[in-house]
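Novice: From first to last, the protein sequence lines are chains A and B. All residue numbers for the first sequence refer to this note's numbering, where the first residue is 101 and numbers rise by one. All residue numbers for the second sequence refer to this note's numbering, where the first residue is 2 and numbers rise by one.
Some hints here could point you the wrong way.
Stated by the list, open to error - The calculated DSSO-like cross-link candidates involving lysine-lysine, where the alpha carbons are at most 27 angstroms apart (straight line), are:
{"hint": "1", "chain 1": "A", "residue 1": "105", "chain 2": "B", "residue 2": "19"}
{"hint": "2", "chain 1": "B", "residue 1": "130", "chain 2": "A", "residue 2": "138"}
{"hint": "3", "chain 1": "A", "residue 1": "296", "chain 2": "A", "residue 2": "105"}
{"hint": "4", "chain 1": "B", "residue 1": "19", "chain 2": "A", "residue 2": "231"}
{"hint": "5", "chain 1": "B", "residue 1": "19", "chain 2": "A", "residue 2": "138"}
To be verified - Sample of chain B residues lacking proximity to chain A, with all beta carbon distances greater than 12 angstroms (derived):
{"hint": "6", "residue": "19"}
{"hint": "7", "residue": "27"}
{"hint": "8", "residue": "37"}
{"hint": "9", "residue": "38"}
{"hint": "10", "residue": "111"}
{"hint": "11", "residue": "123"}
{"hint": "12", "residue": "130"}
What the hints assert, rightly or not - Listing some non-contacts, in silico: residues in chain B with all C-beta distances to chain A over 12 angstroms:
{"hint": "13", "residue": "14"}
{"hint": "14", "residue": "18"}
{"hint": "15", "residue": "29"}
{"hint": "16", "residue": "32"}
{"hint": "17", "residue": "125"}
{"hint": "18", "residue": "291"}
Worth flagging that the hints you see were computed from the coordinates, not collected in a lab. Where is the CB? At the ideal position from N, CA and C, for every residue including glycine.
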Amino acid sequence: MSGHKINFIYEIETPLGYLPMGYKHIDVPLIFSEINDKSTFEHECPVIYFGRQGYGSPFKKLQETNDFYSTVDSHVNKRLLGQLSDEEVLNDVNLFVITPTHNQTITEKIHTENISDYFTETTKSYLRTYKNFKIVFVDDKEGGLTYTKKFWENLRKVSKELKLSESQLIFITNTANIKEIYELYLKQYNINSFMKCSTIHFQVYDSPGNCILDYFEKSNSPDDLVDYDGVKYSIPYDSELNIKRSKYYLCMNRNSERMHRTYLVRDLIKNGMFDKGLISLFKSPRVDNECKTNKELNEFIGKTYPFTIDYEDAEFVAHLHNFFNTKESWMDTYFSVVNETTNSNKHIFITEKSIRPMIYFHPFIIHGDYGILQKIKDLGFKTFPEFFDESYDTIQDQDERRNFIVNEVKKLCDKPISEIHQLYQSVIPKLIHNRELLIDMASNNKKFKMFYEQVS
Amino acid sequence: MNKSPRKIKKVYDYYANKNVLPNALNPEFIRLLIERGYDRSSDFLDVFMKTYNDGINSWDLDGNLYENNIVDTEISTFDAYKEIVYSGDKENLYLYTVCPFGGASSTYGYPSSYSDGRSFFYFIPEVTKKLIREESNFYLMINYGNEGTLDLHWFDVIHYNAELFNIPLDKIVFIISDFTIKENYEKYCESRKYDGRIKVFPTMWSLSAKSEEYTKLLRDEKTSFNDYHNVCSVVKKDNVDLDTVRDKHFLMFNRRLRPHRYYSILLFNQMNILDKFDISFDFDTCKTYNFDEENYKYHGTDIEFRNKLLKENKKVESGELTKRIIDYDDLPNVWGFNFEQKESYLNSYIHIISETNFYEKGLYLSEKTWKPMGQLQPFIMMGPANSLELIRSYGFKTFDGFIDESYDKIEDNEERFKFLIKEIERLSNIPKEELKNWYKSIFNDILVHNQQVLIDYKDKDKTEIRNEFLGLFR
């Protein structure tokens with residue numbers, strides 16, 4: 101990759117490292133107080149500063165909490181604004197990067213705060229003067245969020261205040277259709293474009309592929325388990341693709357707070373498919389509450405759940421690696437019914453839930469956002485019309501989409517399992533392709549290159 | 002450290018844009034810095050003081066103010082921090098500097114409104130405290146080198162907080178422009194029955210600074226101080242007409258009317274000799290001392306003498322004695338640097354140095370001491386005992402014989418003050434013609450010599466001082 105050098109610019113360096121951009125200056129004294137209280141450079145867990153978790157990300161000596169930084173760390177220079185040379189000021193791509201935290205998403209920040217409060221007057225003057233100084237919001241955590249008029253107006257406000265050109269204000273997110281959402285806003289309010297929006301599927305690139313490679317580097321046989329942060333995981337070998345399985349599908353949900361997931365499980369059970377697959381669904385106050393007034397939900401879920409597959413401890417599961425567990429449940433089923441994080445008709449968010457089947461050699465049907473399957477295809481992954489009528493992806497009505505999906509699963513579950521085995525065998529090249537694509541996506545700094553293209 | 006460090010590095014916790022932020026500052030007070038984009042230049046100190054009045058003069062607002070005359074300090078800011086943390090560098094000496102620049106009380110937690118009574122120790126990050134505790138070449142340096150007035154009770158604060166935060170006393174260095182600090186600290190510790198000792202070290206900030214200024218003026222270069230850019234001048238050898246009789250006997254600058262200045266002005270007025278002075282004072286805008294019977298108790302026990310002063314003070318109270326100026330009218334805004342005008346020094350013979358301290362403990366010489374040296378004037382020191390001895394130790398000559406300099410050895414402040422007043426009265430009775438002849442007789446041998454010693458000082462080999470300083474860390 102050639103071109104301009106990229107610098108991440110900060111205003112403050114502290115004993116623990118650079119203070120990430122994106123704090124309101126009124127909070128800085130309190131942040132300093134918190135830093136002063138920390139007794140070590142090495143923190144076991146993310147530091148919480150004034151309600152903002154994930155502070156550690158740009159700090160070399162703190163645990164990396166933000167995958168984004170591990171992606172770019174070796175490719176960018178981190179500098180204080182005042183330390184830039186004249187040449188760097190004039191020629192480099194100088195970015196004020198604002199990333200999300202565990203308890204505050206980027207959209208929440210933009211919705212609720214005055215963006216210009218993040219910058220000193222000195223910084224603002226650089227932004228006004230030099231077009232190679234840019235503000236970049238990177239939402240590498242979320243993607244299934246609502247982008248309201250207020251969200252766009254706040255971005256427009258800072259653009260106007262700092263006299264930013266279109267290329268100086270950049271929003272990069274997991275949301276697969278962010279460009280369309282932005283263009284719709286511009287069209288709706290008859291506004292000229294004032295910023296750049298783009299998608300990087302942070303959860304698809306790097307991490308899955310790297311972990312696959314890591315597993316095969318550390319394991320010698322299909323029976324081996326590899327340790328990740330104290331938890332064992334395993335991944336199927338190619339040689340295991342012919343193994344016969346006892347169940348049709350795997351439907352991992354764990355968290356039942358997102359009701360669309362619970363409704364799907366309810367419908368699977370209601371249609372007599374509980375025993376045909378492996379389903380996990382943990383208890384949640386929200387479901388319990390709804391069961392009090394919703395007889396059907398209580399009948400199929402409330403009375404019988406929680407359902408577990410591998411782990412019973414919800415707290416423990418919450419801290420698990422998002423992509424991996426041991427492969428038993430995957431090896432005992434033929435396909436995945438993915439219950440995505442959201443099932444919106446506005447945004448499209450591809451999470452690790454849609455990626456896991458590719459790691460574990462599963463065909464999949466996705467109960468998620470309208471149009472998600474097409475976005476997955478656009479990334480180069482193969483889907484499975486051999487198994488499912490994939491027109492569900494074009495159904496806007498959420499109930500109708502869910503019903504369609506349940507019906508597709510039922511059609512398969514009504515067939516003899518030997519037929520599913522045969523069907524599975526027929527798509528093995530696609531399964532291998534998908535996993536190899538994940539490995540490829542982790543190679544040659546693809547994620548950083550995408551980032552570089554967006555910001556330079 | 003067993004051997005001499007390769008470099009001395011100052012360490013800062015926070016770095017913002019182009020500036021280091023003052024170490025161990027109450028984070029609350031960085032709001033103002035933030036609003037100004039972390040720019041500490043220009044009038045920041047004034048704005049800071051106005052915003053956080055309450056006796057807070059802030060700290061280390063210049064970051065490295067006048068430290069290069071103490072040791073050959075390399076300013077390496079935050080990189081030094083990383084270096085020691087990450088590489089375990091043992092070759093260099095790291096000094097985490099806290100500068101109670103003009104605001105020692107607030108630094109130590111007084112007044113309590115500044116930081117709820119918390120001393121600066123509270124605001125040192127834990128990671129830094131750990132380095133001070135654990136790294137053999139990492140020290141806390143309280144750099145009070147710009148000031149010389151010490152309240153020995155501050156050592157109680159330092160000892161108390163060192164224990165509270167588990168910081169070994171021998172990892173703390175205290176620098177002050179007071180050449181009695183070692184004896185006074187030792188005596189104080191003995192009186193308080195303290196076991197451990199911090200390291201104390203005297204420094205002379207004012208001599209280098211004034212040396213720099215006069216050197217520039219002798220080269221006809223411009224000088225400046227903070228936001229002041231006055232056109233200044235110095236008396237050069239060739240400017241002096243040794244055969245012309247000058248108008249006045251004495252020159253005496255007084256800005257803040259501290260007790261010894263206050264009293265002496267009263268007495269000169271009472272003796273009817275003020276017309277023999279070029280003298281500045283302003284009892285309206287610079288009366289920083291409230292003189293009454295009660296306050297005089299701190300300065301003397303001679304009731305008759307006190308009453309004489311109180312009687313004369315009625316002229317101040319009545320407005321009869323108010324103000325005199327020499328060169329600049331706005332006395333509150335006159336400073337020790339960038340306000341030099343040679344004319345002031347060419348109209349009189351004897352410079353009465355009204356030092357900052359007189360009754361206070363310690364031996365502190367400010368920039369005021371070096372003015373007569375720079376401007377080719379004889380002087381009489383209205384300052385701490387043993388000042389002349391210290392001045393002479395730098396190679397300057399004084400005027401014993403013509404002036405009775407035995408005052409320098411009088412430790413009792415009241416006695417020394419009375420002696421000085423008598424001596425000035427005696428000198429005021431010497432005819433100006435005689436003063437002219439005396440001045441002429443010492444011009445080359447003493448006055449020109451002193452000016453040369455002064456300008457040479459900035460380039461003087463500081464190895465001895467450096468070695469003495471580094472000796473603290475062996």
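Novice: Among the hints numbered above, which are violated by the structure, and what are their numbers in rising order?
Specialist: Hints 6, 7, 8, 9, 11, 12, 13, 14, 15, 16, 17 are the ones this structure does not satisfy, whereas the remaining hints hold.
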